[in-house]
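Engineer: Respectively, the protein sequence lines represent chains U and F. In case it helps, this note's numbering puts the first sequence at residues 1 to 334. In case it helps, this note's numbering puts the second sequence at residues 1 to 738.
Derived by calculation from the structure, the hints in this document are not laboratory data. It cannot be assumed that every hint is accurate.
To be verified - Heads up, simulated DSS-like pairs for lysine-lysine below, C-alpha to C-alpha not over 30 Å straight-line:
#, chain 1, residue 1, chain 2, residue 2
1, U, Lys213, F, Lys545
2, F, Lys497, U, Lys227
3, F, Lys416, U, Lys325
4, F, Lys271, F, Lys416
5, U, Lys102, F, Lys626
6, U, Lys227, F, Lys416
7, F, Lys416, U, Lys267
8, F, Lys626, U, Lys267
What the hints assert, rightly or not - To give a feel for the contact side, a few chain F residues facing chain U, derived at Cβ under 7 Å:
#, residue
9, Trp606
10, Ile624
11, Val687
12, Trp690
13, Asn691
14, Arg694
15, Leu696
16, Ser701
Quick caveat: nothing in here was measured; it's all calculated off a predicted structure. Cβ atoms here follow ideal geometry from the backbone N, Cα and C, with glycine treated the same way.
Chain by chain, the residues:
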Amino acid sequence: MRPILLQGHERSLTQIKFNTEGDLLLSCSKDHVINVWYSHNGERLGTYEGNNGTVWTVDVDSESRFMVSGAADNTLRLWAVETGKCLYTWEFPTAVKRVAFKEDDSQVVCITEQRMGHQCAIRVFNINRDGDGTNQSQEPLYMFNPIGSKATVCAFTPTPNVIITGHESGKVALFNVKSGDEIENNERAHSDIVTDLQMSKDGTYCITSSKDKAARIHDTKSLMVIKTFTTETPLNSAALAPGRPYVLLGGGQEAMSVTTTSLRQGKFETRFWHKVFEEEVGRVKGHFGPINTIAVHPAGTCYASGGEDGFVRVHHFDDSYFRAKPYGDLEIAD
Amino acid sequence: MPGTITDDIDYTDIEEKYRVHYDDGFDQTLVVDGVPIIDRSKLERLLAKICKEFSRKGLSIKPDDIFMPWDDSSGKSKGYLFVDFRNADDANLALSALHNHPFDSKHTFKINRFTDIEGFANMDETYDEPETEEFTAKEHLRAWLADPQGRDQYVTYRGDDVEIHWHGKPSQSELAFKPEWKEFLYVAWSPLGTYVATLHRQGVRLWGGPSWKPQQRFAHPLVKLIDFSPCEQYLVTWSNEPIVVPEGALQGSQYFSPDDEGNNIAVWDIKSGDLLRTFSTNNDSDLPATKKQMQWPALKWSPDDKFVARVTAGQMISVHELPSMYLHGKKSLKIEGVVDFEWCPQGEKDKEDADKDAKVALNGAASKATVKKARENMLVYWTPEVVNQPARVTLLAFPSRTILRQKNLFNVTECKIYWQNQGDFLCVKVDRHTKTKKSIFCNLEIFRVREKDYPVEVVELKDTVTDFSWEPKGERFAIVSSNDPNLGNPGPGITIKTDVSFYQLEHGKNDFKLLRTLPSRTSNAIRWSPRGRHVVLATVGSSSKSELEFWDLDFNVEDTGRREGLASKEEWGSGIQLLGTADHYGVTDVEWDPSGRYLATSASAWTHTLENGFAIWDFRGQEIIKHIQDRFKQFIWRPRPPTLLTKDQQKLIRKNLREYSRTFDEDDAAEESNVSAELIALRKRLVDEWNAWRALCKKDSTEERVQKHGKVHPEEEKEEIEVWVDEVIEQTEEIVIE
């Protein structure tokens with residue numbers, strides 16, 4: 001499993017995403033640039049330039065036609081994946097921390113930061129897919145301010161008009177975007193800030209990671225915690241491995257406290273945990289700073305991790321990964 | 001009608017509250033018996049004499065206070081009288097001072113309280129046999145040794161929680177007990193593992209038995225340190241606060257009396273809980289400025305619990321007998337300049353001899369001549385150089401107080417005394433300075449204590465020796481030496497380079513010869529397995545290094561039982577083999593289990609707060625368990641008492657080891673399959689639960705889709721489209737001329 005090292009960013013990674021087919025890998029970082037790579041050989045296909053601040057988040061639609069990005073220059077941008085052109089820009093009073101496409105590509109949800117007297121806001125935009133994409137509506141379809149702790153991550157659920165959010169307090173909640181009402185919440189899903197939220201393929205469950213050193217699988221309907229993975233380091237990202245019963249967790253000592261702790265304490269490894277048995281099965285070393293984001297190929301054939309060290313490492317799984325049955329012959333539903 | 005209203009109010013509660021309490025008792029009155037019977041003429045003189053007698057004890061009474069009953073029929077006194085004192089306190093004082101006081105040659109005062117007399121008069125004369133308390137069997141304090149799997153126990157202290165665990169095969173390593181002991185400093189096992197002690201504000205508590213019931217307590221407020229005697233008969237406690245006995249404190253054999261005030265060390269009998277004696281650690285002669293750090297244990301026990309000794313630096317060693325705690329022979333060993341001393345430990349053989357002696361003494365048999373007398377207790381002390389006298393190490397037998405061996409030493413800065421645990425060898429590590437006093441080097445003076453005339457061997461070393469350790473029950477020792485310039489000025493981030501050397505007794509020549517040196521390590525701690533042979537070198541207390549090295553010193557020898565004799569045939573030092581290395585970040589404590597099979601390392605929150613927790617390794621350095629827990633404080637193996645098997649029985653077991661091990665192997669195999677069966681069942685259950693949940697989710701989501709779209713989406717049918725793309729790259733026309 002020799003990794004491919006993608007050296008295209010000058011600062012730490014913030015989010016990486018595979019497209020639906022998994023042939024492309026999008027990465028964004030604090031250096032204002034979004035890169036797109038061929039996932040199979042690590043060749044850089046191109047960059048998306050224009051953001052004037054840390055790019056916090058990206059998402060790509062299922063046809064790999066449009067891409068959205070949210071950045072610290074208070075903009076949400078719509079890009080053409082193929083040409084790298086910025087098609088439309090929405091401006092807000094504060095930075096955009098998280099974006100996500102709806103399953104049918106018709107809508108985009110975004111979270112803006114709570115800052116300078118502005119409240120944290122969640123907005124949903126309609127994406128006009130007709131024409132070249134430059135003809136978008138300036139006004140959001142829905143907008144609301146979640147009450148209480150600010151939201152940090154979000155995603156659409158299969159239920160229409162319902163999104164799932166993770167909050168700074170560790171809360172995980174379901175919101176109706178139309179009314180802005182909180183439908184369901186789990187105040188004590190985590191005890192610290194929720195750092196990542198990734199949906200399963202069918203959207204019926206999701207995995208969250210948190211600075212409280214744990215990752216959890218939740219049912220997206222009831223928000224019931226199905227599984228808990230407790231590690232000994234703050235987690236920045238958690239991903240589900242399709243096809244195999246594993247979850248991938250990444251994190252490490254805060255960048256700011258690295259100098260005050262021993263090097264070997266950092267634990268900058270990607271951890272593989274068994275999804276059902278809640279046991280750690282392996283670790284992959286490589287980064288020399290905390291891992292900020294992990295993404296798994298939709299077919300489960302490779303994964304990529306982006307770190308505070310500014311590198312993306314793409315690992316293609318060996319044959320043995322698919323053949324190995326460390327727990328014997330068990331049929332585990334995906 | 002105001003008058004009637006006031007009448008109705010019930011004032012009894014207020015009246016009760018403010019009523020003046022008259023002293024209507026007779027507490028201040030005593031009855032004095034044993035007064036001479038006299039006639040009227042002598043009354044004046046007698047009363048004056050009695051008053052004088054009382055006032056001599058500090059209780060002034062006047063003849064008016066005395067009432068003497070008179071037998072009118074005979075005209076003589078009745079032989080007793082009543083005395084009124086000013087208050088009850090004076091009466092009490094008189095009671096204690098003058099009861100049984102000899103008035104003259106014929107008469108002795110017998111004093112009772114007036115109030116008591118009534119009670120005595122009404123006493124029922126018939127004797128009631130006291131009911132015998134029903135006998136309740138006490139729990140066996142060594143029940144843990146009867147564990148069918150022969151497991152060892154350990155105690156962990158983390159946060160405010162204490163847990164006692166069994167350590168065995170993975171499936172048998174279970175929690176033995178989780179006590180609810182609150183608010184204590186730390187826990188400690190007694191040396192034979194019978195009790196576990198906790199140090200509370202009020203004193204020490206001992207717990208034991210299979211249900212961990214409280215066994216004993218010792219009321220020493222603010223106790224900080226404790227030390228058990230080697231046979232678990234006595235306990236020494238120390239507190240930095242001098243003992244204060246407040247007014248009205250409980251009195252009795254288990255409590256401090258006013259005489260103990262100001263002392264800080266107390267000696268207790270464990271079985272009865274009685275206080276035996278208290279000492280003060282502060283020497284009056286010491287100036288506070290010159291006060292050195294207190295040595296602990298401050299009291300050193302002889303290995304048979306018969307004597308306890310303490311040193312008064314520069315003056316004497318005081319040896320006390322037990323259980324009376326009187327000074328042995330009523331005088332201390334006056335040794336000018338004495339700095340430190342150690343008792344010789346008792347070997348297994350000595351213990352057997354001592355037991356035999358005790359039996360002989362018990363039977364009073366005349367067969368004394370046939371039994372070899374057990375070795376007398378020995379202690380060794382050293383004195384530094386004073387004016388014209390060289391420094392000196394002295395081996396002394398006790399209680400006979402005969403000097404067995406003395407060795408003079410020169411240019412000495414410091415001596416340290418190390419006994420081998422069987423009392424076979426004694427090593428005195430002498431730090432010597434060169435004439436210029438600029439550099440320090442080290443001599444090891446090794447006494448062979450079992451041989452005639454106690455021969456002494458010297459091993460001279462160029463470097464400073466930082467740690468020394470005898471192999472238990474062995475003839476080898478290991479030293480950590482260093483010539484690092486940073487030695488002696490520790491600082492953050494400085495790791496001192498050290499060399500570790502092993503020495504062994506060469507039987508032919510009778511001297512200790514270097515086996516092997518392991519150069520440029522960072523190890524600073526030597527931990528021999530309690531059974532010998534295996535040794536762990538650890539780097540403890542360093543922020544950057546935390547290595548553990550597991551060494552075997554008899555790698556080529558199959559059977560440890562027949563080690564002697566074989567060693568000479570092999571090449572010198574060839575049996576030393578590194579079995580494994582490991583790393584436990586931030587390790588602060590390294591301890592072998594009593595069986596010598598496992599090693600525990602722990603990182604205590606008392607020293608630092610990085611990655612606290614503990615790990616258990618086998619003797620090869622394979623990690624067995626590791627727990628990283630914040631606020632982890634203490635890990636201690638439960639010690640075991642010495643085996644009850646005789647030498648012959650042990651030999652027999654060793655001979656038939658194969659047969660025994662077969663049953664254990666079978667157990668292991670059964671165990672393994674058992675464990676895996678359980679685990680597989682658990683996993684199957686988990687998988688079934690998961691699959692059931694997933695099936696439910698799938699059903700739900702398809703139903704939703706049906707509702708939404710009115711039809712079921714076929715599950716992403718894969719459609720393969722084959723597209724042939726012909727690309728014309730270049731087209732050239734060439735005319736071919738035929």
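Engineer: Check the structure against each numbered hint from earlier and tell me which ones fail, lowest number first.
Structural biologist: 2, 3, 4, 5, 6, 7, 9, 10, 15
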